[in-house]
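First to last, the sequence lines map onto chains A and B.
Numbering-wise, this note's numbering puts 160 at position 157 of the first sequence, and it's gapless, one number per residue.
Numbering-wise, this note's numbering puts 36 at position 33 of the second sequence, and it's gapless, one number per residue.
A couple of the hints might just be wrong.
Where chains are identical, the list cannot tell them apart; a pair therefore holds if satisfied intra-copy or between any two copies.
[Said to hold, decoys possible] Cross-link-like lysine to aspartate or glutamate pairs, in silico, EDC-like; alpha carbons within 16 Å at most:
| id | residue 1 | residue 2 |
| --- | --- | --- |
| 1 | Lys53 | Asp408 |
| 2 | Lys128 | Asp118 |
| 3 | Lys155 | Asp24 |
| 4 | Lys155 | Asp32 |
| 5 | Lys338 | Glu34 |
| 6 | Lys338 | Asp32 |
| 7 | Lys222 | Glu259 |
| 8 | Lys73 | Glu96 |
| 9 | Lys405 | Asp348 |
| 10 | Lys276 | Glu299 |
| 11 | Lys418 | Asp60 |
| 12 | Lys115 | Asp277 |
| 13 | Lys73 | Glu382 |
| 14 | Lys329 | Glu34 |
| 15 | Lys222 | Asp32 |
Source of the hints: derived by calculation from the structure; they are not laboratory data.
These are the residues of each chain, in order.
Protein chains: 2
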Amino acid sequence: MNKNINIALVGLGQIGIYLYDQIQKKRKDIEIKTGKKINIIGISAKNINKKRRFKIDKKIFFKNPLDIIKKKNIDVLFEIIGQSDGISKKLVEEALSKKINVITPNKALIAKHGDYLGSIAEKNKVNLEFEAAVAGGIPVLRTIKEGLATNKIQKVYGILNGTSNYILSEMMSSKKSFKDVLIKAQKLGYAEPGNPKLDLNGYDALSKIKILSSLSFNKKISKKNSLMEGIEKIELKDIEIANQLNCRIKLVGISELINGYLFERVHPCLINKDNYIANVNGVMNAVIIEGNPIGESILQGEGAGPGPTSSALMSDLLSILRGNVKYPFGISRLKRSNPKIYNYDKYLNSLYLRFEVRDKPGVLAFITKKLANKNISVERLIQKPNYKNKTASIIIITHESKEKDAKICLKNITKNKNILKSPVLIRLL
Amino acid sequence: MNKNINIALVGLGQIGIYLYDQIQKKRKDIEIKTGKKINIIGISAKNINKKRRFKIDKKIFFKNPLDIIKKKNIDVLFEIIGQSDGISKKLVEEALSKKINVITPNKALIAKHGDYLGSIAEKNKVNLEFEAAVAGGIPVLRTIKEGLATNKIQKVYGILNGTSNYILSEMMSSKKSFKDVLIKAQKLGYAEPGNPKLDLNGYDALSKIKILSSLSFNKKISKKNSLMEGIEKIELKDIEIANQLNCRIKLVGISELINGYLFERVHPCLINKDNYIANVNGVMNAVIIEGNPIGESILQGEGAGPGPTSSALMSDLLSILRGNVKYPFGISRLKRSNPKIYNYDKYLNSLYLRFEVRDKPGVLAFITKKLANKNISVERLIQKPNYKNKTASIIIITHESKEKDAKICLKNITKNKNILKSPVLIRLL
Chain A
4 MNKNINIALV GLGQIGIYLY DQIQKKRKDI EIKTGKKINI IGISAKNINK
54 KRRFKIDKKI FFKNPLDIIK KKNIDVLFEI IGQSDGISKK LVEEALSKKI
104 NVITPNKALI AKHGDYLGSI AEKNKVNLEF EAAVAGGIPV LRTIKEGLAT
154 NKIQKVYGIL NGTSNYILSE MMSSKKSFKD VLIKAQKLGY AEPGNPKLDL
204 NGYDALSKIK ILSSLSFNKK ISKKNSLMEG IEKIELKDIE IANQLNCRIK
254 LVGISELING YLFERVHPCL INKDNYIANV NGVMNAVIIE GNPIGESILQ
304 GEGAGPGPTS SALMSDLLSI LRGNVKYPFG ISRLKRSNPK IYNYDKYLNS
354 LYLRFEVRDK PGVLAFITKK LANKNISVER LIQKPNYKNK TASIIIITHE
404 SKEKDAKICL KNITKNKNIL KSPVLIRLL
Chain B
4 MNKNINIALV GLGQIGIYLY DQIQKKRKDI EIKTGKKINI IGISAKNINK
54 KRRFKIDKKI FFKNPLDIIK KKNIDVLFEI IGQSDGISKK LVEEALSKKI
104 NVITPNKALI AKHGDYLGSI AEKNKVNLEF EAAVAGGIPV LRTIKEGLAT
154 NKIQKVYGIL NGTSNYILSE MMSSKKSFKD VLIKAQKLGY AEPGNPKLDL
204 NGYDALSKIK ILSSLSFNKK ISKKNSLMEG IEKIELKDIE IANQLNCRIK
254 LVGISELING YLFERVHPCL INKDNYIANV NGVMNAVIIE GNPIGESILQ
304 GEGAGPGPTS SALMSDLLSI LRGNVKYPFG ISRLKRSNPK IYNYDKYLNS
354 LYLRFEVRDK PGVLAFITKK LANKNISVER LIQKPNYKNK TASIIIITHE
404 SKEKDAKICL KNITKNKNIL KSPVLIRLL
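With the rest of the complex left out, here is chain A (with noise of 0.2 Å):
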């Protein structure tokens, strides 16, 4: 590599202006650190002439980004665009054949195609970087793959969504329905004005739960659907409730080899508040990872926003710079096999399981029947009666049982006229 190094930068928004302004200002110290000089010679982005943070120079902009890479010398390319296919693809891609080194925080595109980027990187000897995809300024996948790199991970977990850690944490604090606190995310910049969806919906979280699986157990990322479910569902009673019960709601992603088998899923948790990620309030991101002779390793830090994620691109960049030519994921893609899913069926786990029902005689019986029936059993039950429109919530917390049996139980239970709404099922951590 030479010492000067030609940088490209596609993708202008939040992230991609403070990387730029980032870059620009520390080239000194990240000279005095790698010894290299770097220069971003190019730079695209949907409309040059928006209004911006940081003063872009427009001598070097290029409308399509892929004649960056056609017409400049370039060494690294940040793509921050963050599609998960089209033109992020496509950039990476051709970039790559180039042996042009590609940093990207996009984790929806890593997720989807990381393997097959990651195979174009390896034959082409260059790096593919990607810290910035999962919890944003925490340096989890550089601690996974170097700093615990001989240890056998059996589980990683964590709170990966800021979004809707902030919406549960404001939901719990000020009282307020899951409508009016997404209302007031979306003012603070914490969630997307415009379509919020991919937060909230465990989308985002289960892309980087597919990247932490990866690095974690050597394997290939999954293809199979996982367990996704998000926080659209949880209304601020289950959460008062949860609070009555010793316990917090936390959107919840979690990775774990069972005999060998790959589970992977995000859904809410009901977490007992002496728990560590009970009390990851807000924004905040919070991975845990359990191996072995590891022990349990917590890291905890900002999970997105300009700041942490530049942090992240940096330090991928230094990487680069300092000459470390690795494999995206840890190690060769022909060591990499596609992993074996586990059978969800099996799963044995405890449910919050919340009724609201008439208030008659027999319809406590009748629900605790149709559990039994299945051989699901209580361990905590609790009635809040409703006298004003003589209702009342049933809450019931199981032993653990197979969430398919629930499930089924559950629709059966629900045809019966004194049951008035669905029930809520949240799982245990």
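With chain A held as given, fit chain B onto it using these hints.
Frame of chain A; chain B shown alone:
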């Protein structure tokens, strides 16, 4: 670097022997990850015949560790003897001079001679790695050097000594005295049976803080005396009063830049229970890094023991095998200057003071007047009478004030005949 890598291992205590076993077990995994075949071709320890948990190959045993590097062709040497000088220093010095990469968990050696040894490594273009020297299994040095490489770090602090943290946690939960809990800790292997002093007096944590400072602020390791206080004088009484004040007492190591001046210290702190590190219990370690643009980054994990320490030692080995020749302290020795040291006399801090006094009229007024004379104002005051002995405990939390003034004040107060013991002073975090 050849495909076949020769390893020497010097020191077969608890950690050395565990590492020996790990290296044997992970040979194949390491080959997959790095393409290198590793072989242990030399070991050395005080006693070849000592009973050990794992079997060692006596054919490769050397009585004198220096003979290994003289007689064998070694690529990587593990120094696990643990002295700050003597044979540890000599061995590392000679190995690096012979272009042998060195890995060590020896914080005392690195804190004392790290700059000197690092410069030998740099001149000979080999690696000196010491991830295991700070916070055991938590890859915090790698995180600072790589994951947060372009951040401007202002402060790094945390719980860095597992022995002290275990004792303080256990005093709180069992309501037993320091002495009793220390005996238990020694039985459980959490404190050295012979001489636990270096863990308890703050020395161990201060060595780690010195290493963290040098990496965080890109300076040489400070030679100046820092503020160092251990937990030997912490009484159960203070832990219980702290609890009533919604606080915990923890041994904390702190390093920060105050207007460009380095301020390093290790001492017990009174920490509000809402604070993250107040809840890090038992033998766990935690490091908090405050940087820009990353914000606050937290790393928590097991801080000691053969498993976590071996995990860190192995991550160093993989880093070397992957061919990453690096500056031991992140940047070239030529760019690291001596830190300017903060004048502690200027520091303002809130203090917890406890006085044991005769329960007589005028004593409280005497104390508060003495404090007022030195401009030390009281934020909170609690008097707990002990009617039986006609004595009382007076607990004062001060507003921020100069510790120097407080100490002069305490000295004067102690002279009064109604003050029964030397007052207790604990800093607030």
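For each hint, the structure was consulted:
For the homomeric pair Lys53 and Asp408, neither the shortest alpha-carbon distance inside one copy (55 Å) nor that between copies (57 Å) is at most 16 Å. In this assembly of identical chains, the alpha carbons of Lys128 and Asp118 lie at most 16 Å apart only when taken from the same copy (15 Å versus 35 Å across copies). Proximity of Lys155 to Asp24 under the C-alpha cut-off of 16 Å is restricted to the inter-copy arrangement: shortest distance 15 Å between copies versus 39 Å within a copy. With identical chains, the CA atoms of Lys155 and Asp32 are at most 16 Å apart between copies only, with a shortest distance of 10 Å across copies and 36 Å within one.
When the C-alpha separation of Lys338 and Glu34 is checked against a cutoff of 16 Å, the pair qualifies only between copies, where the shortest distance is 11 Å, while the shortest distance within a copy is 36 Å. Taking CA atoms no more than 16 Å apart as the test, Lys338 paired with Asp32 passes between copies only; the shortest distance there is 11 Å, against 37 Å inside one copy. For the identical chains of this complex, Lys222 and Glu259 are intra-copy neighbours only, at 12 Å inside a copy versus 41 Å across copies, given an alpha-carbon limit of 16 Å. Only within a single protomer do Lys73 and Glu96 lie at most 16 Å apart by alpha-carbon distance; the minimum there is 13 Å, versus 51 Å between protomers.
For a Cα distance limit of 16 Å, the shortest separation of Lys405 from Asp348 inside one copy, 7 Å, qualifies, whereas the shortest one across copies, 64 Å, does not. For a Cα distance limit of 16 Å, the shortest separation of Lys276 from Glu299 qualifies neither inside one copy, at 18 Å, nor across copies, at 22 Å. Proximity of Lys418 and Asp60 under a CA criterion of 16 Å is satisfied in neither setting, with 65 Å inside one chain copy and 70 Å between copies. When the C-alpha separation of Lys115 and Asp277 is checked against a cutoff of 16 Å, the pair qualifies neither within a copy, at 36 Å, nor between copies, at 40 Å.
Proximity of Lys73 to Glu382 under the C-alpha cut-off of 16 Å is found in neither arrangement, the shortest distances being 65 Å within a copy and 67 Å between copies. For the homomeric pair Lys329 and Glu34, the shortest alpha-carbon distance between copies (15 Å) is at most 16 Å, but the shortest distance inside one copy (21 Å) is not. Taking CA atoms no more than 16 Å apart as the test, Lys222 paired with Asp32 passes between copies only; the shortest distance there is 14 Å, against 36 Å inside one copy.
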